[in-house]
Structure formats: C-alpha cells, structure tokens
Amino acid sequence: MADVARRPAGAAGGISDEKRQRLLELVRGRTAARPTDLAEDEVMVWPTLVVVEALSAVIFTFLLLVASIAVNPPLVDIANPTVTPNPSKAPWYFLNLQELLLHMHPALAGVIVPTMALVLIAAIPFVDRSPLGVGILFTSDKGKKITVFSAIFTTIVLIALIAFDSEIGVTRSLSGKVAPVVYEQLIPVAVMVGFSVVLGVLVSKIYRPTRRELIIALFTGFVVSYFVLTIVGTFFRGYGMEIQLYWPWTNLHEGAH
Amino acid sequence: MRREHTIADRVTNSSLWRAVVRHGYPDTERNQALIIASNVFLHLHPVKIKRYATKVTYTFCLGGLSFFMFLILVMTGVLLMFYYVPSTTQAYQNMQDIEASVTFGQLMRNMHRYAAHGMVIAVFLHMCRVFYTGSYKPPREFNWVVGVILLFLTFLLSFTGYLLPWDQLAFWAITVGTTMAESAPLLGPKIRFLLVGDNEIGQATLIRFYTLHVIFLPLAAALMMAVHFWRIRKDGGISGPL
Ligand code: HEM
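Line by line, the protein sequences give chains A and B. Each residue of the first sequence is one higher than the one before, counting from 1268 in my numbering. Each residue of the second sequence is one higher than the one before, counting from 1285 in my numbering.
Simulated from the structure, these hints should not be mistaken for lab results. There could be a bad hint or two in this list.
To be verified - Heads up, incomplete: computed chain B residues facing chain A, CB under 10 Å, no partners named:
| id | residue |
| --- | --- |
| 1 | Arg1393 |
| 2 | Trp1450 |
| 3 | Leu1526 |
Please read all numbers here as calculations on a predicted model, not as lab measurements. Built from N, CA and C at the ideal position, the CB exists for glycine as well.
Chain A on its own, in the form it takes in the complex (with noise of 0.2 Å):
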C-alpha cells in the first residue's frame, strides 16, 4: 500500500487523486508527498475540540438564559382578522423582501427574486471550481479590498434608490403615463441586474480580479443588500410603511400600535 501511495499522482494507474489521498493517510510518516506542514499538523479532537464546543455550548447557553430572562418577546392582542395594524410586518428576516414589495411587481420582490438568489448562491461551486484561496479568509489582499469596496458601493447604491424612490418614487411619476408593466417590473429588473454588472464592471476595472475574487464581489453584494433592506424594513418604515427615522423605532414591531 505504501508502495501505491508513493507513486507520484498521474501515475498511479486506476487510482484518483482523491483516493490516492485516503491512502497516504493510512502511511503518514513513512512518505514525504505532504503538501504542507499545516496540512500534516494534526490534533487529537478529545481534548482539544471538545473543549472549545462544550465551553462554547455553556457559554451559549449562559447567554440565551440571561436573554430570555432580562427581556420578553411581545405577545400582542389575540389575532383578529378584522383589524389590520399599521404598519403590518413579517417576520424580521423576510422585511428585506417587503422593502423590495414598496418598490416593485410582489411576484418579483416576493418570489422571483428569492428564488433566483438561492439559485444562483447554490450554483456558486459549480462556477468558481478552482482550489485557489481554499481555507484562506478573502483568500486574498485583493480579496479582501474587494469585499471592502463592494460593500461600500452596495451601501451607497441602496439607501440612494431607497431615498430616490421614496422622495421622487418611480411609480408615482410614471403612472398613468406608461404601462404598469415598465415601473413594475422592467425598470425594477434593469436596476438589479444593472448595477450588479457596473459593480462586477468597476472591480474588475480597478482590481483585476480572478473568477473567484469577482465572486466575492458579487457574493458580498447580495449580502450587504440583504442586510441593509433588513435594517430599512425593520427600523426606519413606519406607518403606512412609509421612511421614519424617528425614534421610537421599537414600537414598529409590537403590531397594533
């Protein structure tokens, strides 16, 4: 067996790479074909990696207790289906689909855009296939400019159509004069897609990135968007789901109010 692992890797007639892997594993010590010191330094998982679990388990623990006892979640009047409050909300993690709702056709913000970026975040392996940057955080310098920058531009670009749409509002100037269809879904559409592009076009104009580096781009994009319309839904949209940057923001989600 050791013999089959030492063979360099095209050579080892009828064997994978991946099992020829396996194999050097059961003959650790006795070859030299490791890639790299950090790949050979090995632990023991008890103790080592328990502890870390059991005290994160308690410290956990620890911390969920002292929540649930300083604070208690609302429960509001019993539901009646006759009195609609205002503001009604989702639930937090669904408010940056509702914000999308204030500004275009419910079936894109409501179905096809989930839909799409579930889609296109599990088809991520199957497009950025090289193992350059595995197991290095930004995998790069380069990487991680790129995050920084796009979460920035992502930032920037969302609270201005937010504010753009609720000062200006494309619909309210639109309407009437076009069909429902071009400020419902067109204009909507080509906004998404359109500054998806300009930020995948400006990093690769100022970094020249690799595949993978304009991934993360692009990754860090829907990530800061999903943060920040959660933020706007959850915070600054009161009654009439208009903006609010007023204080109290907190009685927003007590419903009835």
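Position chain B with the ligand relative to chain A; hints supplied.
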C-alpha cells in the same frame, strides 16, 4: 498504588460501567481515540483533526452554533408542546398560560424564540464564513448545496413557528408572507392555498403550520444535517489551506 480501592475506580471498574463505557479515562491517546470512536454522538468527529480547523477564528464556531441552536429549539419546543393546542380558540390562551402560570413557561417560550432568531443569524453567518474562506470549492460543492437547502429549511421553520402564538403580530406577519407567495407567477394562488389551506388564514392554516413546524420541518432539517455532517467527513474534514 492500590488504586482500585478509590471509590471512583470501583465505579469505573464495575461491570455495569464497563458495559456502557468502553474506554478508560481519556488521558492517553489510545483512550482519547476510543472515546471519540465508541460514542455515537462524539463519533460525528474524526479522532484527529488538522490543527487549523480547531482555530475559532477559522469557523467562528458558526456551524456548531447553528446545530446548538437547533438542539435548544428541539428541547424547549418539546416542553412548549405539552401546553400548546393548535386551535384558534385555545392557542392564544395557551400562550398566556405558558407565560403566566406554567413553571418556567415564560423562560421556555423566550429561549425558544431567541434561539430561533439565533439560528437564523448563525446559519446565515455560517454561510458567509464558508463562502469567504472558499470552502464551497470542490469536493465540497454538494455540501454547499445541502447547506442552501438547510438555510431554506431554517427560514421555513422560523416562519411556520411565527404564526403559532396566534396574536396580531403572528396573524398579520403570516398574512404578509402568504400574500407574497400568492403573487408567484402561474402557481401563486395554488401555493398560497396549499400553505393557508383555506381562503383566509384560520384553523386550517394553524394546523398546517403547526404540523410543518413540529414534525415535518424538524425531521427534514435533521435529515439534511445528517447528510451535511456525514459529507464534511467524506469531503476530507474541514477545508483548509492547501
Ligand atoms: C442548519 C443549518 C446548518 C448547520 C447545523 C451546519 C453545520 C455545519 C457544521 C457543524 C460544519 C463544520 C464546520 C463549521 O462549524 O463551520 C459545517 C460545515 C459546512 N457547511 Fe454547514 N451548516 C448549516 C448550514 C449551512 C449553509 C446554509 C451552508 C451554505 C450555503 C453550509 C455549507 C457548509 C459547508 C460547505 C461546510 C464545509 C466547510 C468547510 O469544510 O470548511 N452549511 N456546517
């Protein structure tokens, strides 16, 4: 050196103890390996692991935290089920009773709710960690897809639970959510009807959401987690620098 005379040694040498525990005190490598390999829960882990994979600043414990939140949710959820009846005429009253008169009821409800929020956050951040460390790359692409399914299931678990208190917050949040689903092209109204079970949110909806929330989705999530954990091992353990 007649150590077998200490009480602890008598216990650990007894045939009852030996029947359950098949390793000695884990202070030797042999016993440390045995304790992992002979315990059904611990054997989710390999016996040895790369040192970089144990660094908290690599995984930020986020996958583990997602699983931890899930376990808390199962435990507190089962306790809540003893008192909660999924009926539009009783559910809200049950919630008030849980808060006011059940021993530790309020604590269980709060922990269940905060762990649910915590799980959504942990799973999302875990996805970000996996992404930014490039850990989705081959051979882990399938496990990434399993992860996306787990993310979806986590959202659904949280969403179905949101209706159960049957207060205004719950009712109208689900109204907003199911109305969004209704707008789907072609199948929209059908999807909404499938979720709501009626033309309006009512008893049919509550029992659907309850069944999904306490049986179907937790089982589906547990199944996908089993695949997820198994795959981590089969893909060569936690990713790391080449
Ligand atoms: C209920 C939800 C989930 C649970 C309980 C879970 C649990 C875990 C655990 C315990 C690990 C070990 C490493 C670590 O802790 O980071 C892991 C790794 C991994 N997870 Fe998840 N996960 C979940 C959701 C997801 C999601 C949403 C994704 C991505 C979309 C994902 C993709 C992966 C991948 C690719 C790995 C391997 C990472 C590596 O080798 O470095 N998981 N998961």
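For each hint, the structure was consulted:
no. : hint    : in the structure
1   : Arg1393 : holds (8 Å)
2   : Trp1450 : holds (5 Å)
3   : Leu1526 : holds (6 Å)
The structure meets every hint from the earlier list without exception.
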